[in-house]
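**Student:** The chain contents come next:
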Amino acid sequence: MTFQPPVPPGPSSPPVPALSLRGLAKRFGDKIAVDGISLDVPAGSFYGVVGPNGAGKTTTLSMATGLLRPDFGTALVHGVDVWQHPLEAKKLMGILPDGVRLFDRLSGEQLVTYAGLLRGMDREMVASRVAELLAALDLGNDAGTLVVDYSAGMTKKIALASALIHAPRLLVLDEPFESVDPISAANIRDILDRYVASGGTVIVSSHVMDLVQRMCDHVAVVAGGRVLAAGTVEEVRAGASLEDRFVQLVGGRNHTEGLEWLRTF
Amino acid sequence: MVAHLLRLKLTLLRNSVRRSPWQLVGLGIGTLYALGIVVLLAGGLFVLRGQEIELAQTVVVLGGATALLGWAIVPVAVSAADMTLDPARFTTFAVPMPQLLAGLALGGLIGIPGLATSLVALATVGTWSRSLPAASGALVGAVLGVLSCVVLSKVVTTATAGLASSRRFKDISAVAFLIPLVLTGPIVAGIARGIAGSGDFLTSLARTLSWTPAGAAFALGGDLAAGNYAAAAVKFLIALATLAGLALAWKVLLQRALVTPPYAGTAKRRTGGAGLFRLLPATPAAAVAARSLYYWLRDPRYAGALVVVPLLPVLFLFQGSQSGFYGPFQFVGPLTAFLLAWSISSDVSYDSTAFALHVATGVRGADDRLGRALACLSFALPVVLIFSVGPFFFTGDWDKLPAVLGLSLGVLFSGLGLASVISARYTVSVPLPGDSPFKKPPGNVAQTLAVQFGGMAVLMVLVAPEVALVAAQYITGSPVPGWITLVLGPVLGLALFATGVRAGGAWLDRRGPELLAQLAVNR
Chain C
3 MTFQPPVPPG PSSPPVPALS LRGLAKRFGD KIAVDGISLD VPAGSFYGVV GPNGAGKTTT
63 LSMATGLLRP DFGTALVHGV DVWQHPLEAK KLMGILPDGV RLFDRLSGEQ LVTYAGLLRG
123 MDREMVASRV AELLAALDLG NDAGTLVVDY SAGMTKKIAL ASALIHAPRL LVLDEPFESV
183 DPISAANIRD ILDRYVASGG TVIVSSHVMD LVQRMCDHVA VVAGGRVLAA GTVEEVRAGA
243 SLEDRFVQLV GGRNHTEGLE WLRTF
Chain H
18 MVAHLLRLKL TLLRNSVRRS PWQLVGLGIG TLYALGIVVL LAGGLFVLRG QEIELAQTVV
78 VLGGATALLG WAIVPVAVSA ADMTLDPARF TTFAVPMPQL LAGLALGGLI GIPGLATSLV
138 ALATVGTWSR SLPAASGALV GAVLGVLSCV VLSKVVTTAT AGLASSRRFK DISAVAFLIP
198 LVLTGPIVAG IARGIAGSGD FLTSLARTLS WTPAGAAFAL GGDLAAGNYA AAAVKFLIAL
258 ATLAGLALAW KVLLQRALVT PPYAGTAKRR TGGAGLFRLL PATPAAAVAA RSLYYWLRDP
318 RYAGALVVVP LLPVLFLFQG SQSGFYGPFQ FVGPLTAFLL AWSISSDVSY DSTAFALHVA
378 TGVRGADDRL GRALACLSFA LPVVLIFSVG PFFFTGDWDK LPAVLGLSLG VLFSGLGLAS
438 VISARYTVSV PLPGDSPFKK PPGNVAQTLA VQFGGMAVLM VLVAPEVALV AAQYITGSPV
498 PGWITLVLGP VLGLALFATG VRAGGAWLDR RGPELLAQLA VNR
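If you're matching them up, the sequences are chains C and H in order. Counting with the working numbering, you get residues 3 to 267 for the letters of the first sequence. Counting with the working numbering, you get residues 18 to 540 for the letters of the second sequence.
Treat each hint with caution, since some may be false.
Between beta-carbon pairs, the in silico distance windows are [said to hold, decoys possible]:
| # | chain 1 | residue 1 | chain 2 | residue 2 | range |
| --- | --- | --- | --- | --- | --- |
| 1 | C | 233 | H | 32 | 42 to 50 Å |
| 2 | H | 469 | C | 236 | 54 to 62 Å |
| 3 | H | 29 | C | 85 | 24 to 32 Å |
If you want a taste of the chain H side facing chain C, the calculated C-beta under 7 Å gives, among others [as the list claims (entries may be wrong)]:
| # | residue |
| --- | --- |
| 4 | 296 |
| 5 | 312 |
| 6 | 313 |
| 7 | 373 |
| 8 | 530 |
Calculated directly from the structure, the hints in this document are not laboratory data. Keep in mind the model is a prediction, meaning the values are calculated, not measured. For glycine and all other residues, C-beta sits at the position ideal for the given N, C-alpha and C.
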């Protein structure tokens with residue numbers, strides 16, 4: 003017999019969220035990187051996670067995707083516990099981690115093929131999807147170039163292709179637009195918009211507020227390992243621009259008086 | 018400004034040590050090693066004090082010329098040039114060129130190679146402390162010589178910076194450098210024999226070199242000791258002109274390099290295609306195998322191991338031809354089996370954080386293990402078979418073949434099984450992807466040594482039955498234990514292989530994220 007918490011009376015039982023985090027926490031040495039983050043990402047949403055540098059975004063997303071074991075808390079992907087049933091959960095997710103290397107001695111085409119085959123997909127499906135992905139991400143001409151010789155933006159794009167190959171229901175993208183040129187970024191946004199429109203869920207982390215405000219329908223503001231605000235973009239920004247609201251929530255703007263000498267050139 | 022640069026270099030050194038106590042241990046080991054060599058060489062130089070001038074002069078001049086050659090070649094060949102004070106980082110600071118050059122040159126002396134060279138060079142003062150002019154001449158020569166070494170290495174690294182920063186050159190030079198390194202024994206022996214044949218060749222070589230930029234500086238002490246003041250004066254001018262010329266060349270090169278950053282070269286655009294991923298079956302294990310095979314070919318850290326393998330029989334054959342005893346040559350098969358099987362024990366460490374892809378895709382641990390082992394096996398098996406049988410064409414005692422063959426296969430399969438377990442659990446510090454295989458890896462040296470030696474000890478236990486049987490045949494001369502080995506080796510080996518892949522796979526399934534976290538420490 004397990005104790006079932008009473009369900010509050012509501013119009014109907016809510017749909018299962020695409021990602022549901024409960025009390026996630028992680029400590030590195032004596033630094034608490036993530037301090038009990040709980041978050042629900044509704045299915046079919048385009049969810050932005052914003053926060054200053056060192057806020058714990060990457061750590062949280064790593065714990066949510068099965069890359070980093072949390073000290074406390076649970077992560078459910080479409081109701082599947084990431085840490086109890088990792089294989090099932092990972093089938094549902096496509097992950098673009100930030101700050102990890104790629105198998106960069108493979109060519110771009112080989113790397114994406116590898117990601118597909120590792121997931122047990124069959125050869126013909128992998129081959130056709132790789133070709134389409136490379137074309138969609140403007141990498142068709144560089145398919146045979148080794149990833150180690152790619153530029154930073156191309157590397158990001160090939161990593162994104164590796165995350166998309168198995169048509170996941172949930173995409174978790176950590177800083178997907180970093181050093182990506184504006185045209186490719188627009189192409190990627192189109193791809194993600196269509197993906198969300200057809201029922202997929204995207205989580206992106208970023209510290210470019212304009213981008214998040216324009217692109218996402220939901221947003222969570224994370225700082226110091228905690229969630230400061232979460233909800234639809236409209237709710238969170240409460241009339242102001244997301245950037246102003248973010249600065250207001252996070253604080254830390256110093257209204258510098260000094261530096262007069264800077265004007266004495 | 019020069020003092021600033023030197024202080025910066027010292028601060029960088031101190032901070033690198035402060036990052037972890039193990040860096041200090043690594044530095045300590047390096048220092049002890051260098052100290053040993055310095056004491057040996059300096060001691061030799063002091064002993065030369067009592068020898069005749071001709072001999073001492075030959076040794077000092079040739080040693081000095083070798084040091085110069087070393088400083089010119091090694092940084093480029095192993096792409097391990099000391100870049101802590103990379104001149105490119107000072108472009109925005111508008112440091113006056115003469116002071117920048119002086120600071121960088123003196124900064125080059127701080128560090129183990131610089132200090133060791135300086136100490137050994139100063140020991141030549143001991144060799145020539147026979148008279149005041151000779152000792153002071155040696156001191157001047159040592160200073161000029163050491164500075165020439167440092168500036169020459171700067172000239173060479175600056176001149177080849179464009180070349181050296183291209184990935185292709187780095188990959189190739191790192192692997193190619195291994196070949197002379199492995200063959201040091203035969204090469205030295207060959208040179209020594211050549212020298213022994215030509216009598217006082219060295220003396221005349223040293224005499225010639227002492228009139229060239231390569232040896233002039235280090236010849237000063239000897240000439241003064243012999244009373245050749247005129248020759249010493251000319252050589253002093255040669256040494257001074259050498260240093261000045263090198264400094265000028267460095268200045269010109271640096272001025273050009275600072276405004277034209279090295280162009281990394283265009284990547285060769287290959288025609289697309291999934292290659293091996295298309296040839297091998299479309300399963301996760303086969304995909305891992307295909308990926309590993311590409312790394313064996315394209316990553317110099319793996320390819321280095323592949324280059325060494327064909328040199329092994331050469332080395333042993335040479336050793337056999339020298340001593341007339343071909344015993345060790347017979348065991349080149351088992352040795353190769355060990356080296357190749359053991360090379361995948363640090364496979365996951367070589368992946369570095371790219372291993373995140375395996376964790377993210379949720380590939381089964383056993384598939385991961387099996388793929389890596391099969392990739393290694395695909396070339397290791399034929400190579401080991403050839404190396405096991407080949408030596409018997411030279412030695413002819415074919416009755417030992419079954420024993421050696423059984424031992425080879427036993428070592429190969431047991432080693433792969435054990436390596437599959439070890440690399441699933443322990444990370445070792447290895448050069449990061451893209452770094453030279455010779456670069457000092459970051460991270461915990463002590464754990465690396467513990468894992469490596471502990472693993473080898475376990476492997477010795479695992480192959481003990483085969484080893485005992487082979488020993489039995491060699492002692493008793495009866496062929497029976499050999500035939501038992503031929504059966505036992507593969508059977509026991511395959512059983513251990515299967516166990517290793519399963520156990521390693523289970524470990525990986527359970528601890529994948531923890532392993533990734535260990536890898537992320539050293540990225």
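**Student:** A separate judgement is required for each hint: does it hold in the structure or not?
**Tutor:** Structure-based check of each hint:
no.	hint	in the structure
1	233(C) with 32(H): 42 to 50 Å	holds, 44 Å
2	469(H) with 236(C): 54 to 62 Å	holds, 58 Å
3	29(H) with 85(C): 24 to 32 Å	violated, 41 Å
4	296	violated, 11 Å
5	312	holds, 6 Å
6	313	violated, 10 Å
7	373	holds, 4 Å
8	530	holds, 5 Å
Hint compliance for this structure: hints 3, 4, 6 are not met, and every other hint is.
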